[in-house]
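J.: Here is how the chains run, residue by residue.
There are 2 protein chains.
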Amino acid sequence: MVKITAHDLAKKQKEISVAEFFERNKHILGFGNSTRALITSVKEGVDNSLDSCEEVNILPDVYVEVKNHEDSECKIIIADNGPGIVKKQIPHIFGRLLYGSRFHAIRQSRGQQGIGISAVVLYGQLTTGKHAIVTSKVEEDRPAVVMELAIDTNKNRAEVISRDTVHWDKPSGTKIEINIRADYKRGKRFVYDYLQLTSIVNPHAHITYKDAEGQLHVFERTAETLPGKAIEIKPHPYGVELGTLIKMAKHTNSRKLSSFLKSEFSSMGDRTTKAACEKAGLDKNINPKEMTREQFLALHRAFNKIKIMAPSTECLSPISETLIKRSLKNETMEISPEFIVTSSRPPSVYSGNPFQVEVGLVYGGKLPKDSQVQIMRFANRVPLLYQQGGCVITSAITSIDWRRYGLDQTSGKGIPTGPAIFLTHISSTQIPFTSESKEAIADIPEIENEIKLAFRECARKVQHHISKKVKRKKTHEKFDLITKILPEIAKKSADMLDKPVPALEGVITKIMDVIWIEDVIEYETVERVPVQTTLTGENTEGQTSGTITKSRILVVNYKKNPQKFNLYAVIPQDAVVGTITPKPTKVTDNYIKWNLDTIQPANKIDINFELAGLEKGDFDENDLYIENINAAYVIGADKWEGD
Amino acid sequence: MVKITAHDLAKKQKEISVAEFFERNKHILGFGNSTRALITSVKEGVDNSLDSCEEVNILPDVYVEVKNHEDSECKIIIADNGPGIVKKQIPHIFGRLLYGSRFHAIRQSRGQQGIGISAVVLYGQLTTGKHAIVTSKVEEDRPAVVMELAIDTNKNRAEVISRDTVHWDKPSGTKIEINIRADYKRGKRFVYDYLQLTSIVNPHAHITYKDAEGQLHVFERTAETLPGKAIEIKPHPYGVELGTLIKMAKHTNSRKLSSFLKSEFSSMGDRTTKAACEKAGLDKNINPKEMTREQFLALHRAFNKIKIMAPSTECLSPISETLIKRSLKNETMEISPEFIVTSSRPPSVYSGNPFQVEVGLVYGGKLPKDSQVQIMRFANRVPLLYQQGGCVITSAITSIDWRRYGLDQTSGKGIPTGPAIFLTHISSTQIPFTSESKEAIADIPEIENEIKLAFRECARKVQHHISKKVKRKKTHEKFDLITKILPEIAKKSADMLDKPVPALEGVITKIMDVIWIEDVIEYETVERVPVQTTLTGENTEGQTSGTITKSRILVVNYKKNPQKFNLYAVIPQDAVVGTITPKPTKVTDNYIKWNLDTIQPANKIDINFELAGLEKGDFDENDLYIENINAAYVIGADKWEGD
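Sequence lines, in order, name chains A and B. For the first sequence, our numbering assigns the number 1 to the initial residue and increments by one for each residue that follows. For the second sequence, our numbering assigns the number 1 to the initial residue and increments by one for each residue that follows.
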């Protein structure tokens, strides 16, 4: 046998281009089969369109078209009204993997790695041999540029096959046309689903989809304002790796450790910087470029021993409970669900990366009772369609014992059964996906915990809702009995005896023996909403008409003694409070509080308040609480548990 | 609000180095948390050692050491007796991602992408700021080279911090020392498990592990021969993508389409090449560099319309049923399982990539009866420890209704419960992992199907084994009763009556009314195994002593009539048949067949055969079948169902 040596092996060693790598491992990028390839291609195009529109404050208007002219081949066209791409950058953005603008920026965005759309171009070329065509218009009064692109995978660079200018009838925008091998028959349903889900978590986007049969599907915009813009922040000391710290110090312009810390990290003020240096036993004036590994190590350890303010969360752009509710309501109209509850956690941090969890729960209506609940997963406003089993969202949901909250679940584990949809949205500066295909989120304990907390809160709301409903139904029956049959009997008896009909209020009160609270909500469209900005800081500029939500609460004392107590009405965070009668004792971001005057038996009080900043249906049921009275006497409100 | 334009955005666009990309996305490479990081680091080092030893035909001797000198930091040392790495290549192999020798080679190997070990170096640097140290010796009579390496992530290139020569007391080899952040306490168990599992599927490797407490664990070699070497093959036309075909034609040296097809693809001879050109309507003499996209498309389509021989499977190196059984036996000794069955599928193909499935099933003994069965997953001889839920092996197992095969399983789905271990090994020129961390295999239908078929076969063997056992036990009781008690009664009666003891054979035969087949297997160690090569082509060169497996089969006719039938003994594929008595009718790779002479009632036949090429315990139970007789009359063999 010939002896093979290290020298023989050395001859075969060579570099692999990143394009070749992904060409070979296309399943890692979500192109594992022809069905998934179709969805992934649409997804990457739409993600890019939405990201670029938001970046320049344009309400997105995205057009998606899929043509299926050839067997097992599709042409995908995605066009937007975004800012367009300057000519010089087109070949890089569409024809080069690992090229982009968002990789180093710490803020929430859909795309980040500069792989997505170039991977689609690569896949299209690999499977059809055809080139991608990109049209881009960056200025209103100049023509659009059209480029035909291929990728040289050995070099990971685009080849520009042709370039031209063309008239395009919009102020600015980008359009891409790519041919890919795809299974349209099996994939068409998922394209629709994907766009519908995208529309749910991007209520500010208008999406038009023309399918291969030529049918147009329009996903309307349900919010006229852009989401709060995610602001880029600096890295937080809690999450920085030792190696990254050393690298940052090597490239800094600061000559002193203190200025390095203050200028290149977030949450580092004078006090924290001083504390970190002291804890590490370092002179704050030393030059960071001259520090030893041991000094960096001491500094790195000091970071985790001192208290540093959490990173600013302006880098995140959550959807908000109101918009989630509105979208869910809009999309589940045909199901006519019994109710929709939402819950939003405060921002949190894992390895220095800020993140936030929002969940929504749709219950009842035409949803199937004997199937597993439907799980909708979203990350940075992008729907996740595959690998549900390997996602932290699923493991968080399945680890909750849902039987306590009225859903079926074998042995208190696994996906529960019942007429419900569970929606989860995670926003983060860096979503820890399990693979480059971005289909599942890794099992980070901090994230799992936040999802659990959010769902538990939602579940409690569901429970609360159901118990309130049951209680109210029972009392309603009693009420009907008393208020209809009793007077009739009284009237008949009086007639027979030829006596006047007696006053029954006292009797009714005695039988009812409760405080009855009922509410009605109405919407009124007005010319101009009399507010400048909502509480969450959303930009309402240019909004000239809107809806006023009018809530009327009726409190009736059906007890035999006079009653005096406090009432709380919880209001949505995005709402702005208008007129309130009677005058409340306190108004916060979260609630309105009244110290009610004494109500005499059989008497009532009328309470009214108006909310602006919401749309019709956003707020369709009051969440009422009472204080200083035994909650057992009250129908329609629960005990106030404090702020 | 300031208007942001495409020009503003263009300023932020830039290239991302692949090292930066993976540094940021380290969880994709299996460094998601400090426990996993430890296993991944050991795994990448061991994979490299095994691959390099096999490549130069050296029986691997791998040393693994983990030190835990600092809190949450480990030093990992991995040394082998492989060929070493030439000086010039050291910085590239350990300090540059996407650099290697196996990416373009179509044959089975553990590593392929040139990412693994450089990712460990990168992770070590990122989390500890320390450099990696590599020692390499390529020639016996020259000193070893020692290099200290860092990675410049902005450039994806190694920085050589220092280099030196040193005496190393072995002919050749590579050693790497890396410090990483790791959770030793939680990870130590997994390191041991990982190495144990590695040893199961690499019976030719000797692995020594020194843990942080200083304890030595030795995983002995159980096979003295290297696995059959995987030979590099050319791409197969069935799996080639259109884009790849075009690229290949662009770079070919062939001037004619026919020679291009014959020289650059596997399975393309004169006949198939002619058929492909005809089907595509192409002249076989055209220059491939001048072909149009439409012509390539026609050719690509033609490939899938004509019959082309499956790719050669010499690019694969399966473990073999015998070695799987031997390893499982060795590793489960303490459990003393009731039996171990294995099953091996013929090689198959997905998207042009050859692959082969082998499975093993350990049953009974001290394995827990009320837990889910233990699933062991392997790909190209590498254990897969994480993401079991997202792996095609798991989905194949859970889709089988195991209740039919005597295991518990809720509603016939999910992981079954019972005292069993399920082992699956998949060999392929390209394992379709779901992510770069190589922890789970994607759901490719062809692979899933082969796994199911293999397990069904195994399950049938289990069923067969159990029913044979039950049947034999019953008959044994009857047999004991008849052969012990009956003679005693006869003797007593004869004594009492003072008459001679009657001949009972006829009576016993009448009561038993079966053909009784029993077998015994013995092993004998001999000086020299009298064979040159085993049937699977394994290299037995230099093997001067070995084991002879001696099988004795006893066939007794306990029926009242003379019996004549055929008997088959199934033999393991790796075995070589020696002396056989009586003379068999037929001997194939799979079985020995005898046309037995007529056996008179109460008479018996003794059958003996010898097997070489196996070790003690490899073959411990005969698999016997009968033909031309009603199987209901026979204990110890089943009906022969054909070849």
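Hint data in this document are derived by calculation from the structure and do not stem from the laboratory. Beta carbons: idealized from backbone N, C-alpha and C, even for Gly. Treat each hint with caution, since some may be false.
Unchecked claim - With a straight-line cut-off of 30 Å between C-alpha atoms, the simulated DSBU-like cross-links for lysine-lysine are:
1. B:K413 to A:K307
2. B:K247 to A:K26
3. B:K12 to A:K289
4. A:K366 to B:K130
5. A:K75 to B:K279
6. A:K87 to A:K75
7. B:K26 to A:K262
Stated by the list, open to error - Here are some chain B residues the structure puts well away from chain A; computed CB gaps all over 10 Å:
8. A10
9. E55
10. S101
11. Q125
12. K130
13. A310
14. V570
15. K604
Stated by the list, open to error - Under 10 Å between C-beta atoms, here's a sample of chain A residues computed to sit facing chain B:
16. A10
17. G84
18. L122
19. T165
20. D169
21. K170
22. T417
23. I421
J.: Hint by hint, say whether it matches the structure.
T.: Going through the hints against the structure:
no.	hint	verdict
1	B:K413 to A:K307	violated (50 Å)
2	B:K247 to A:K26	holds (17 Å)
3	B:K12 to A:K289	holds (26 Å)
4	A:K366 to B:K130	violated (60 Å)
5	A:K75 to B:K279	holds (26 Å)
6	A:K87 to A:K75	holds (23 Å)
7	B:K26 to A:K262	holds (27 Å)
8	A10	violated (5 Å)
9	E55	violated (7 Å)
10	S101	violated (4 Å)
11	Q125	violated (5 Å)
12	K130	violated (7 Å)
13	A310	holds (21 Å)
14	V570	holds (33 Å)
15	K604	holds (50 Å)
16	A10	holds (4 Å)
17	G84	holds (5 Å)
18	L122	holds (8 Å)
19	T165	violated (15 Å)
20	D169	violated (18 Å)
21	K170	violated (14 Å)
22	T417	violated (13 Å)
23	I421	violated (23 Å)
Hints 1, 4, 8, 9, 10, 11, 12, 19, 20, 21, 22, 23 from the earlier list are contradicted by this structure; the remaining hints agree with it.
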